[in-house]
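For the protein sequence lines, the chains are A and B, in the order given.
So for the first sequence, the working numbering puts the first residue at 153; every next one is plus one.
So for the second sequence, the working numbering puts the first residue at 90; every next one is plus one.
Think of the hints as simulated: they come from the structure by calculation, not from any bench.
No experiment lies behind these values; they were computed from the predicted model shown.
Just so you know, even glycine gets a beta-carbon here, dropped at the ideal spot from N, CA and C.
Be a bit skeptical, because a hint or two may be false.
Unchecked claim - Chain A is nowhere near these chain B residues, computed Cβ spacing over 12 Å in every case: (1) N91; (2) I95; (3) S96; (4) I99; (5) T128; (6) R157; (7) I160.
What the hints assert, rightly or not - Pairs of lysine to any residue, SDA-like flavour, derived with a Cα cap of 20 Å: (8) K361(A) - G119(B); (9) K159(B) - K361(A); (10) K159(B) - R198(A); (11) K361(A) - K125(B); (12) K158(B) - L341(A); (13) K158(B) - Y335(A); (14) K158(B) - D200(A); (15) K342(A) - T155(B); (16) K714(A) - I725(A); (17) K159(B) - R336(A).
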Amino acid sequence: MNFYAIEILIIVFVIYGLAYVYYGKKLLQEKIIKADSSRPTPAYTRFDGVDYVPANKYVLYGHHFASIAGAGPIIGPAIAMSYGWALPLLWVLFGNVFIGAVHDYLSLMSSVRYGGISIMSVSENVMGKSARYISLAYVYFALLLVFAAFVSVASILFAKIPSAATVALIFMPLALLFGFIVYRAGVNLKLGTVIAVIIIILGFIYAYKIPFLLGYNPSNSVGNLWSAYHNWIIILSIYAILAASLPVWYLLQPRDYLNAYVLWFFVFFAAFGSLVLADYRLIGTAYTSFAPRMSSFAGQPTYFWPAIPLIIACGALSGFHSLVGSGTSSKQLSNELDALLVGYGGMLTEGAVSSMAVILPVSLAWSAPELYKLGVLKAGENMLSLSPLDRFLVGYGYMSGEVIHRLGGSFATGYHVFKLFAAIALASFVLTTLDTATRLARFAWQEMFDWLSTKSPPLHKFLTNRWFASFLVVLIGGAMAYPVVKLGGSLQPAYKILWPAFAGVNQLLAALALLTAALWVYMVLKTRGSTNWLIQVPAWFLWITVTAGLIWWTSDVMPKLKVSVQKVGAGSIVIVSLILDFLLIYYFVRGLIKASKSK
Amino acid sequence: MNSKEISGTIITIIGIILLAYAFIVGGVHGHIGNGKAFTSDDLAAIIGWFFIIGGPALWFGEVPVTIRKKIGSQETTPKEGEKA
Numbered sequence: 153m154n155f156y157a158i159e160i161l162i163i164v165f166v167i168y169g170l171a172y173v174y175y176g177k178k179l180l181q182e183k184i185i186k187a188d189s190s191r192p193t194p195a196y197t198r199f200d201g202v203d204y205v206p207a208n209k210y211v212l213y214g215h216h217f218a219s220i221a222g223a224g225p226i227i228g229p230a231i232a233m234s235y236g237w238a239l240p241l242l243w244v245l246f247g248n249v250f251i252g253a254v255h256d257y258l259s260l261m262s263s264v265r266y267g268g269i270s271i272m273s274v275s276e277n278v279m280g281k282s283a284r285y286i287s288l289a290y291v292y293f294a295l296l297l298v299f300a301a302f303v304s305v306a307s308i309l310f311a312k313i314p315s316a317a318t319v320a321l322i323f324m325p326l327a328l329l330f331g332f333i334v335y336r337a338g339v340n341l342k343l344g345t346v347i348a349v350i351i352i353i354l355g356f357i358y359a360y361k362i363p364f365l366l367g368y369n370p371s372n373s374v375g376n377l378w379s380a381y382h383n384w385i386i387i388l389s390i391y392a393i394l395a396a397s398l399p400v401w402y403l404l405q406p407r408d409y410l411n412a413y414v415l416w417f418f419v420f421f422a423a424f425g426s427l428v429l430a431d432y433r434l435i436g437t438a439y440t441s442f443a444p445r446m447s448s449f450a451g452q453p454t455y456f457w458p459a460i461p462l463i464i465a466c467g468a469l470s471g472f473h474s475l476v477g478s479g480t481s482s483k484q485l486s487n488e489l490d491a492l493l494v495g496y497g498g499m500l501t502e503g504a505v506s507s508m509a510v511i512l513p514v515s516l517a518w519s520a521p522e523l524y525k526l527g528v529l530k531a532g533e534n535m536l537s538l539s540p541l542d543r544f545l546v547g548y549g550y551m552s553g554e555v556i557h558r559l560g561g562s563f564a565t566g567y568h569v570f571k572l573f574a575a576i577a578l579a580s581f582v583l584t585t586l587d588t589a590t591r592l593a594r595f596a597w598q599e600m601f602d603w604l605s606t607k608s609p610p611l612h613k614f615l616t617n618r619w620f621a622s623f624l625v626v627l628i629g630g631a632m633a634y635p636v637v638k639l640g641g642s643l644q645p646a647y648k649i650l651w652p653a654f655a656g657v658n659q660l661l662a663a664l665a666l667l668t669a670a671l672w673v674y675m676v677l678k679t680r681g682s683t684n685w686l687i688q689v690p691a692w693f694l695w696i697t698v699t700a701g702l703i704w705w706t707s708d709v710m711p712k713l714k715v716s717v718q719k720v721g722a723g724s725i726v727i728v729s730l731i732l733d734f735l736l737i738y739y740f741v742r743g744l745i746k747a748s749k750s751k
Numbered sequence: 090m091n092s093k094e095i096s097g098t099i100i101t102i103i104g105i106i107l108l109a110y111a112f113i114v115g116g117v118h119g120h121i122g123n124g125k126a127f128t129s130d131d132l133a134a135i136i137g138w139f140f141i142i143g144g145p146a147l148w149f150g151e152v153p154v155t156i157r158k159k160i161g162s163q164e165t166t167p168k169e170g171e172k173a
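Bound-form chain A, shown alone (with noise of 0.2 Å):
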């Protein structure tokens, strides 16, 4: 296939646009939700100035687009490269669009007609109680993996890209200063946006010159870049207990506003790249193997099905939306139509990152004599040489390096300058993440001691207080982050043991939260025909690719880890994934014949 980059971003742009007006608005919207703006929504009805504050449409989606493209959208399209281009870009545009986005509206709105709490606890309503416990809980371990991974990946990026750290020393006082200027001082929105992209623009500059190289103790053991690490685990464990705990309106609500346009920055030059460089084609391979081997999965033959939603999360569906969803969006939105730019767009616009700023990048990037003469890559060498972070920091580096050459500057200074943008970028993506994780675990814990309220009042508020709450994530998070052990024969942070699992148990949860969401449409909602078959056969197929992705991870993958206290770490929580993974469809089951005696 002989591709040029603008076809990709035409195919992109139309297929997106087209989804989002007509299975985004007409159907979900319109037809299933039947989402009413003289509804109101729990950001009003609980109103606490805490977590229930209403938000501006526009900054509202900047927090949930920010809050679930972690490192997702940008690294597992990098791995799913091995495929070549063709099959990831697929993947990424079809799984967004009928599973993921639905998945994310389903989640938000769901929790929005029950008052903003998760969508653990919307299941409770139509699968039962056992299946809301059983979730609340699963979700709560899956969101301390979360943080130490988070914590651990923001460390390592301050470690060893210090001008990143610089970026969040002038970043977060900014969203601070944005959010007095706006919700005290009544600036418009649109003026305090412009002076907060100015100063952004001019952090950026400062962070590119001056970074922030953290001091360590010499005589620590472990040598200087993990005694950086552990320092950085320990500011921003402080800070994330700081974060999760302020209101919302304080700093999480200004601070993913912001991140949102550093975010469209980076998707829109790569669009703009596109353009710029519209005549150039493709020169990455379109379809390597069905089956190539990956280092991610102990060297085995990876099966594109039932692997990729292994591989690929965020840029196409991910359970770590639905938190999202029905954890803090949920608690903000301010008007139930604007679920569908917040919910659905969201979810297309993680799908645009992975696309135009991952997958086309690289493909553009592939073999370019450029990236030999700068030593990039070696003779005999291609971007599968490189570790999937390199793939992506190299593919938008070359790109972009390649847009300011053709507009008349140095091809190695755009690709230089870029590439730092693409780390920082990641760096600032990662941080957002951590601390809604570590809210969003918050949420679990409080929902999970609701029983507790009638029968020990002092005790539930006790146990339930969003200080001690947030404090025991970190604790917990941060002692699976902090230590550093041998893994295969090089220094890792102890977090790794189990995140070979981390995956599944992710994509368990969107199995999961699509069923309870495929269940309360028609238990609730009341939708029949082929309306419903459009939620429930994306259900069943997430489902039933998911539960054969574990079974294969099971047979082929845990037995070939080297590791063997990972392969019983690992190996446990995949096992106990398949157990509840069945347990959970025998609770959908029965709900759905229970429906349908009902009527």
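Chain A is already provided as a structure; the job is to place chain B on it using the hints.
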């Protein structure tokens, strides 16, 4: 101003001074901190950062007037059939 607001004001102002100090020293040296032993500028950066994040919460801790107005203008009881 009550004691909470006064302490919030002091913390915020100290935070701004510390962070400004770190940025200025960083601008002069070409980097904040030196990547070896802790220096005054990297400590100022970290402490200032936390003070700026936490200080205004004490200073302006209450919900902003713009949000209160928004809440006041909306119906705050769920419609019939909606689970509260």
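We went through each hint and held it up to the structure:
1. With 12 Å as the threshold on Cβ separation, the claim that N91(B) sits away from chain A holds: the shortest Cβ distance comes to roughly 18 Å.
2. Distance to chain A confirms I95(B) as a non-interface residue, since its nearest Cβ pair spans about 18 Å, more than 12 Å.
3. Listed as outside the interface, S96(B) is consistent with that label: its C-beta sits roughly 16 Å from the nearest C-beta of chain A, beyond the 12 Å cut-off.
4. The beta carbon of I99(B) sits about 17 Å from the closest Cβ of chain A, which is more than 12 Å, so the claim that it is off the interface holds.
5. Here T128(B) does not stay apart from chain A, with its beta-carbon only about 6 Å from theirs, under the 12 Å limit.
6. For R157(B), the non-interface assignment is contradicted: its Cβ lies about 9 Å from the closest Cβ of chain A, within the 12 Å cut-off.
7. Here I160(B) does not stay apart from chain A, with its beta-carbon only about 5 Å from theirs, under the 12 Å limit.
8. Annotation: proposed proximity of K361(A) to G119(B) holds, straight-line Cα distance about 7 Å (limit 20 Å).
9. Straight-line distance between C-alpha atoms of K159(B) and K361(A) comes to about 43 Å, which puts the hinted pair past the 20 Å bound.
10. Under the criterion of a C-alpha separation no larger than 20 Å, the hint pairing K159(B) with R198(A) is consistent with the structure, at around 14 Å.
11. The suggested pairing of K361(A) with K125(B) holds, with an alpha-carbon distance near 19 Å, which does not exceed 20 Å.
12. Straight-line distance between C-alpha atoms of K158(B) and L341(A) comes to about 16 Å, which keeps the hinted pair within the 20 Å bound.
13. Taking the CA atoms of K158(B) and Y335(A), the gap is near 11 Å; set against the 20 Å cutoff, the hint holds.
14. Straight-line distance between C-alpha atoms of K158(B) and D200(A) comes to about 14 Å, which keeps the hinted pair within the 20 Å bound.
15. Annotation: proposed proximity of K342(A) to T155(B) holds, straight-line Cα distance about 16 Å (limit 20 Å).
16. Restraint check for K714(A) and I725(A): the C-alpha separation of about 17 Å stays at or below 20 Å, so the hint holds.
17. Taking the CA atoms of K159(B) and R336(A), the gap is about 13 Å. The hint holds against a cut of 20 Å.
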